[in-house]
Amino acid sequence: MCLGIPGKVVEIRDEGPLRMALVDFGGVRKEACLAYLPEVQLDDYVIVHVGFAISQLDEDEAMKTLEILRMLDPEGMEMELGSLAEESPTAGPGSGSPAAAPPTASATGAA
Amino acid sequence: MKYIDEYRDAPLARRLVTEIHRITTRPWALMEVCGGQTHTLVKQGIDEALPAGVRMIHGPGCPVCVTPLEQIDKALVIAARPDVIFTSYGDMLRVPGSTTDLLSLKARGADVRTVYSPLDAVRIAAANPDRQVVFFAIGFETTAPANAMAVWQAARLGLDNFTVLVSHVLVPPAMSAILESPTCQVQGFLAAGHVCAVMGWTEYEPIAEKYHVPIVITGFEPLDLLEGILMAIRQLESGRAEVENQYARAVKREGNLQAQETVFRVFEVGDRKWRGIGMIPASGYHLRPEFARFDAEARFEVGTITTAEHPACIAGEILQGTKTPLDCTAYGVLCSPRKPLGAPMVSSEGVCAAYHAAGRGLAAPGAVPIYELKRIER
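Chains as they are written, first to last, in this note's numbering: chain V, 294 to 404; chain C, 124 to 501.
Looking at chain V on its own, in the form it has when it is part of the complex (with noise of 0.2 Å):
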């Protein structure tokens, strides 16, 4: 129940008191409840828990995120993490996809 996504307002309309949105989910459209989000406008993200819009999705701060992700350099890194490599005793190959890295082994770093 706790698994929201984000999905698209396609449709607003009044339900006695309260404020309720069609919103859709990439082809799947789910009625959600717009009491706690009370400026938004058609076509805006929302993401819904269990029949609520619980948060707006700001367009700026995602842009943000993935211009910083996109700023990793690939090829300084890649040279980099070669050369420690060699020196760590944890940095590992690094370079493989998550599902065919190896799995990880038991930390003993507790605090």
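Derived from the structure by calculation, the hints contain no laboratory data.
Just so you know, these numbers come straight off a predicted model, no measurement behind them.
Every residue, glycine too, gets a C-beta built ideally from N, C-alpha and C.
Hints are supplied without guarantee of correctness; some may be wrong.
[What the hints assert, rightly or not] Taking lysine-lysine pairs in the DSSO-like style, the calculated list, with each CA pair at most 30 Å apart, reads:
(1) Lys-166(C) - Lys-357(V)
(2) Lys-229(C) - Lys-396(C)
(3) Lys-375(C) - Lys-125(C)
(4) Lys-323(V) - Lys-375(C)
(5) Lys-166(C) - Lys-323(V)
[What the hints assert, rightly or not] Derived CB-CB ranges, DEER-like:
(6) Glu-332(V) - Asn-251(C): 33 to 39 Å
(7) Ala-415(C) - Gly-320(V): 42 to 48 Å
(8) Gly-319(V) - Gly-362(C): 41 to 47 Å
(9) Glu-304(V) - Ala-278(C): 24 to 30 Å
(10) Gly-319(V) - Val-200(C): 17 to 23 Å
(11) Arg-363(V) - Thr-223(C): 49 to 55 Å
(12) Arg-306(V) - Lys-462(C): 42 to 48 Å
(13) Met-364(V) - Leu-280(C): 50 to 56 Å
(14) Ala-431(C) - Pro-331(V): 43 to 49 Å
[To be verified] Per the computed footprint, the stretches of chain C lying under chain V, defined by three or more beta-carbons under 8 Å from a beta-carbon of chain V, are:
(15) 135-141
(16) 377-390
(17) 449-460
Following the hints, put chain C in place on chain V, whose structure we already have.
Okay, now just chain C, sitting in the frame of chain V:
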């Protein structure tokens, strides 16, 4: 889908993994609090792609799993009454009580209905004035605004046939309880993004300071989790212990103030028992006295409840992060999603279900587990 696909980009994920490897100089143990995050970590193999020695400990963030057995047994007693329509989120139906579960009760004729939103339960009550409609109000801070609004709506409509069986728990007190434990191994947290979308993160600042642990509010997509891990390890490597927000597109420091206002109109903070963990002071919500007439525990006599967990189930230790499903002798043999012994195998957010869905420790789905081999490897 917007806001989802771009956070599942495989080349970017590889870059993040590389960067995590590059900055990590020693072993660290991080806890992801939310069961949704556990599921993505395990499904995508993110925890296995981390540097040797960096370990993800799965926290007690599955609401279904931490709902105490007593509350489930009470739900079963109430749902068995012929005058009751018992309504619940779907995840709860197969959670084992001491003797049975809600789904089995339904198969034997009880009127148990799954609702998507608690407002559906209010609608059922309005449409069935001659029946008692009970809603199982469980969950963390993410479901509290919805559950509070259901009570508020029932009050506004003057419904006298609607009650809630409340079993609400809160994340920050559980984090403190974990950090207070003498066996605590957690050095940093990925905090649950959607809990913070509701409550903000001011409650986490004193925890980061008092226990000197980094807390990174983190989203649910693979890139979110990798960036959250990167941010937490950066803090640990540099000796910082701050609250940082990886999930800025959905979470503001103050949270959702309208939601908080309704939650605190209807609920007040009190002690709560957690399944597998025990009593944690001030760790949940109870109805405020002015809403006492909506309390199912007061309306229905449930008698003496004697609870019994399955002897083979180690859900308590798994929920506290001291063991994994691979340490459980019942995992994959006696216990599977089709025949769960404990709550973490039932819920889509449970650790055992996440491991099982990913085939961890199973030779093939549904086959004999190879957990003993895994244990040797580790």
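Status of the hints after comparison with the structure:
Distance check on the hinted pair: Lys-166(C) and Lys-357(V) sit about 27 Å apart at the alpha-carbon level, within 30 Å; holds. As the CA atoms of Lys-229(C) and Lys-396(C) are separated by approximately 27 Å, the hinted pair is consistent with the 30 Å bound. Under the criterion of a C-alpha separation no larger than 30 Å, the hint pairing Lys-375(C) with Lys-125(C) is consistent with the structure, at around 20 Å. For the given pair, Lys-323(V) sits about 25 Å from Lys-375(C) by alpha-carbon distance, which is consistent with the 30 Å threshold.
Between Lys-166(C) and Lys-323(V) the alpha-carbon distance is near 26 Å, which keeps this suggested pair within the 30 Å criterion. At roughly 35 Å, the beta-carbon separation of Glu-332(V) and Asn-251(C) lies within the given 33 to 39 Å, and the hint holds. In this structure the hint that Ala-415(C) and Gly-320(V) lie 42 to 48 Å apart at CB holds, the actual value being about 43 Å. Taking 41 to 47 Å as the suggested C-beta distance range, the pair Gly-319(V) and Gly-362(C) conforms, at roughly 43 Å.
For Glu-304(V) paired with Ala-278(C), a C-beta distance near 28 Å keeps the hint of 24 to 30 Å intact. Between Gly-319(V) and Val-200(C) the beta carbons are some 40 Å apart, a value that contradicts the proposed interval 17 to 23 Å. At about 52 Å, the CB distance of Arg-363(V) to Thr-223(C) agrees with the hint of 49 to 55 Å. For the pair Arg-306(V) and Lys-462(C), the beta carbons lie near 44 Å from each other, so the given range of 42 to 48 Å is met.
Evaluation of the 50 to 56 Å hint for Met-364(V) and Leu-280(C) yields a pass: the beta carbon distance comes to about 53 Å. Taken as a hint, the range 43 to 49 Å holds for the pair Ala-431(C) and Pro-331(V), whose Cβ atoms sit roughly 47 Å apart. With 7 residues bearing a CB less than 8 Å from a CB of chain V, the stretch 135-141 of chain C meets the requirement of three and the coverage assertion stands. For the stretch 377-390 of chain C, the stated coverage by chain V is satisfied: 4 residues place a CB nearer than 8 Å to a CB of that chain, which reaches the threshold of 3.
Restraint check on the stretch 449-460 of chain C versus chain V: 0 residues with Cβ-Cβ distances below 8 Å, three needed, restraint violated.
When each numbered hint is compared with the structure, violations occur for hints 10 and 17.
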